[in-house]
Structures are given as structure tokens and as C-alpha cells.
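A.B. asks: Once you've looked at the hints, dock chain W with the ligands against the given chain Z.
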Amino acid sequence: MMEGKLTLRDMLKKVLMDLNATGEVYASAIVSRNGLLMACEMPSDIDSRTFAAMTATMVGAAETAFSELKKGVAERVIVEGREAKIIAMGAGKKALLVTMSDPRANLGLILLEMEKASEKIRKLLGR
Amino acid sequence: MRKSTGIPVLDDMLRGGLEDGSTTVLYHTPFINGALFAYHICHHRLKSGDSVIYFTNTKRIFTIMEDAERFGWDMREYREIGRLSFIDAYTPFMGLSGEGRYAVSDPTNPEEITSVLARALEEHESGSLLVIDSLSTALDQCGVEVLDKLEDWGRLVTLYDASLLCVFADWGYESQIRMRIEDFFENMIELTSIERNVIIGDIFTVRKVEGEVVESKRVPFKLMRPGGVRIYIPKILVTGPFHAGKTSVVHALSTRAVSVDRESTTVALDFGHVEFEGFYADLFGTTGQQRFDPILEQLGGEAIAVILVVDSTKPETFPRAIEMLRKARAYGLPCIVFANKQDLPNALSPEEVRAKLGFGEEVPVVGTVATTGEGVREGLRILLNTIFGG
Ligand SMILES: Nc1nc2c(ncn2[C@@H]2O[C@H](COP(=O)(O)OP(=O)(O)O)[C@@H](O)[C@H]2O)c(=O)[nH]1
Ligand SMILES: [Mg+2]
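Chains Z and W are the protein sequences, given in the same order.
For reference, each letter of the first sequence is one residue, going 21 to 147 in this note's numbering.
For reference, each letter of the second sequence is one residue, going 20 to 409 in this note's numbering.
This is chain Z alone, in the form it adopts within the complex (with noise of 0.2 Å):
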């Protein structure tokens, strides 16, 4: 009797996948603007609730801080390591979605793929 149902958290997490399978980002997390982590296609190593809840620090502070300047809002935060790069991008009103990738990685690519992962996701949650 199995039916071919998909829960949302199901439906996120296959955005997830199939964004971590264009080859240019190797995780990715859908996380709420208040810090909480709503899905995410993660090495276990990483502990992806802390990151879900610095990352929307991270971006509230950013959106913040841009607001002050009054030219326009944040669009997104880039956040460049030696091993490591980080983006976080909204997702509809109440998400964001954020991605690793390689620090050589294609940006331009990357958010190519995390624009429209991210307009999936924002019809998902209908908001």
C-alpha cells in the first residue's frame, strides 16, 4: 500500500539534493530567518544546528547592517575562508538557504543554482 506521498520535508530535502548534485556546492541547509534548522543534506560532521543558528545570525546582522546604509536590502552574504565558502540567500519571506562550496568553486554558477533552488523552495513553503 505504499503510496507515492512526499511529505514538505521530503520535498526540501530533494531541493537540497538536487542542488548539492550540480556539483558545486557540497552542502546545503534551508534554515529559518529566526535560526532554526528546517532541512538540510549535511556531512555529519558538521553540527548543522549551530551552523543553521549563526548562520541567520550572520545574515541578520548583515541585513542590518546594509539597511543602515539605506541602499536597497541585502541579497545575499558571502562568506570566504581558505577552505571553505559560505552563502546564505533568502528563500521567501521567512528562509534562507545556505550553501558550502569549495573556496575555488564558481561563484557565478553557485548562485545561479542557489537562485533557483531558492525560488523552489519560496513556492514550497507558499510564502
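Simulated from the structure, these hints should not be mistaken for laboratory data.
Note that the structure is a prediction, hence the values are computed from the model and not measured.
Here a beta-carbon is modelled for each residue, glycine too, at the ideal position from N, C-alpha and C.
Check before you lean on any hint, since a few could be wrong.
[What the hints assert, rightly or not] Just a few of them, taken from the derived set where beta-carbon distance is under 8 Å, the chain Z residues facing chain W: (1) L56; (2) A73; (3) T84.
C.D. replies: Showing chain W with the ligands alone in chain Z's frame:
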């Protein structure tokens, strides 16, 4: 005799646990692994000295042993001394010979299942737990006739003072089937996923106790490896004025915590995981400084409960404490006040702190010394009790 399930709030909802001679269904959506929930109860019963008879028609025995091991439970020893026995109705279905102490050679035959259950119960001491994993698969394999056997299974557990726990995955059966299940079992535990705002989480609830239909709360849980079933609180906000001791509280309570500190003050967030008496919570400690209020407002969202930390020697900061609760939109959530720095000579007593904050009796206030950890666990216990108790 009632026996604990090993899952704190669930025991209370079941009025103490599962009684010998009782029948319980663990009814779950297919998107949750209900059997893992049952493992927790099995392991707890084995640890408390009972025997467990485990009927499987969904997976091989070694898979169950491995899954249990991932929770940190070594079941081999119990198997060796004969307190854990398997009834294998899985490999025979695949056309292989059975692997457990007992086997059902034709898993599509409800008569045979019943007679093997009877033999297993006869050969174990009374007071054991009989798990059927799963009744829904038996239903798929045998057809509805297997439900006619439930009465017999119920009689058997009465006779042997055992308790029956049937795992049932609802793949979308006809409503008559659900009704029969609801009718038959004395206790019904339901596992489902819910979406609260944007967060999707698993919850358990109890629909029936001792044959009585009940309304009970929905308790969020997580399966932790190791650990098993943990009641899960995704966000407890720890807030309060600058220098009150919030970071110290988060670190005193957490098994693992990280802070974003600059010049020894928190600039963004303290984040910690707490494991505590079957509960698991994530703590979000905010910064106290006014200039970071936009972050406070953002992080307050979706909190389940609040710990308000104040410096008991500085009543002049209390208005700020109230303002922070309001900014975090945390007013009205279950809340406890930590009247911190009780070790300092001029500290106000918890009662004085309550009065100065203008809170009524409904808000508990505990005296704490965050740097030594004194009072903080007691405070957390009171808060958890406010969320889930009564
Ligand atoms: N005497 C005493 N000092 C404390 C206590 N709790 C925290 N402190 C100290 O107060 C200062 C501020 O603590 P911190 O946890 O960083 O406060 P926060 O700004 O609210 O995060 C630190 O120097 C702590 O060591 C306490 O219970 N007693
Ligand atoms: Mg601090």
C-alpha cells in the same frame, strides 16, 4: 503493574506507563520510523530487568540489532541470556529459513502467527513486553483476518501478564481499519509530523489510555543517536540585560555550546545544546546591549519558552529586562526568571526580584549562581515542567 516506557512525558500521559496485560498501538505516519520509537521502550524494559519478545515481519534481525547499536544500545547480551527473543516472520517471507529463536514459516497465516506468539509467551517469564513490528505489514500480508486475531493476542497477554505493543504504519488504509484499531487497543500512542510556522517536526501524542479516549498535548521529539527518543524543544530563549549572566547560563546548562564573543561580551548569539533527563533543547542566548536589539527581535521568533536572566544586585536593570522580553516577542510564553549572582552579598532574594519585576506568582523565579551552575538545572526542570507538565 505499570512499567515506565523510559520516555518522560509519555509516561505521565499514559498514567505511569504500560500496564501488564494491556494492549497498546504505536500508530504512525509512514514518514516516521515508528519501530525506532518501540526500540527505546524495548531497551528500557530490558534494562529494567524485563524480557522482550520481538516479532518482525519488516526487517532482518541483524538490522534491528544494528539500529539499536546506533542508539548506543548493545542488545546482544540480553539475547544471549534469553531475555530478548526474536520471532522472525521476515526471512521466511523472502523464502529463506527463519533466523530468530522463533520463526513463522508462513507469515501470511494469522493462525500460525498466533500460535508462535503463544509459544513465545509461554517460554518467557511473566511481565514481558511483546512487540509486533508491524501490524500494518501483517495486515498487508494476511489480509484483514489478522485483525480478527487481535482479541486472541489480547487474551494471551492477559494470561501471561505481558504487555502488547503493536507498531502500525498508516499507509492510507480505509477508515474502517483505523476504526477497528482505535477500538481494539486500550492505549493508543500516535506519531505524526506537524508544521509549526515554517518548522517541521515530529510529535507524539496519546489518543487513548486504559480504553478511554483522551485529548492530550502534542510533544515534539527527536531520535538522537546515541540516546533514542528525546523530547525536543527547538528553541529556548535565554535573554536579559547586559552582564546579567546569560552566556554563563547557556554554558552551565549545555553539553556543547558556542558563543560569538568580542571583548568578553556576546555580540551575536550564544548557542547550546542541553541534554537533560530525557529532554533535548537548543538554547539561544541573546546579547543584552541595546544596539543589538534588531538581532534580538529576529532571534526571538519561534521560541517555545524563555529564561530571563537578571543580575540580582542590579534592580535598576529590571525595566530593561522587561523591555527585552517584549522586543523578543516572548511575552506570554512559558517563562522562568533566573535571579542570578545570588553569591554576591547585596543580592536581592528571588522573592524581592519577582516583586521588583512586577511579576505574579505564575512566573517562577529561582535563585542562581551561573558561574558555579548552582540552581540552573533546577530552574530548567521547573521550566520544562511548566511547558509539558499538568
Ligand atoms: N559573582 C557572580 N558572577 C557572575 C555570575 N554569573 C555571571 N557572572 C559574571 O558576570 C559577568 C557577565 O557574565 P556573562 O555570562 O558574560 O553575562 P551576559 O552579558 O549576560 O552574557 C562575567 O564576568 C561572569 O563571570 C554569578 O552568578 N555570580
Ligand atoms: Mg553574553
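A.B. asks: Each hint should be assessed against the structure and marked as holding or not.
C.D. replies: Quick rundown of the hints versus the structure:
1. L56: This interface hint holds because 5 Å falls under the 8 Å limit.
2. A73: holds, 5 Å
3. T84: Since the shortest Cβ distance to chain W is 4 Å, the answer is holds.
The structure fails none of the hints (numbered hints given earlier).
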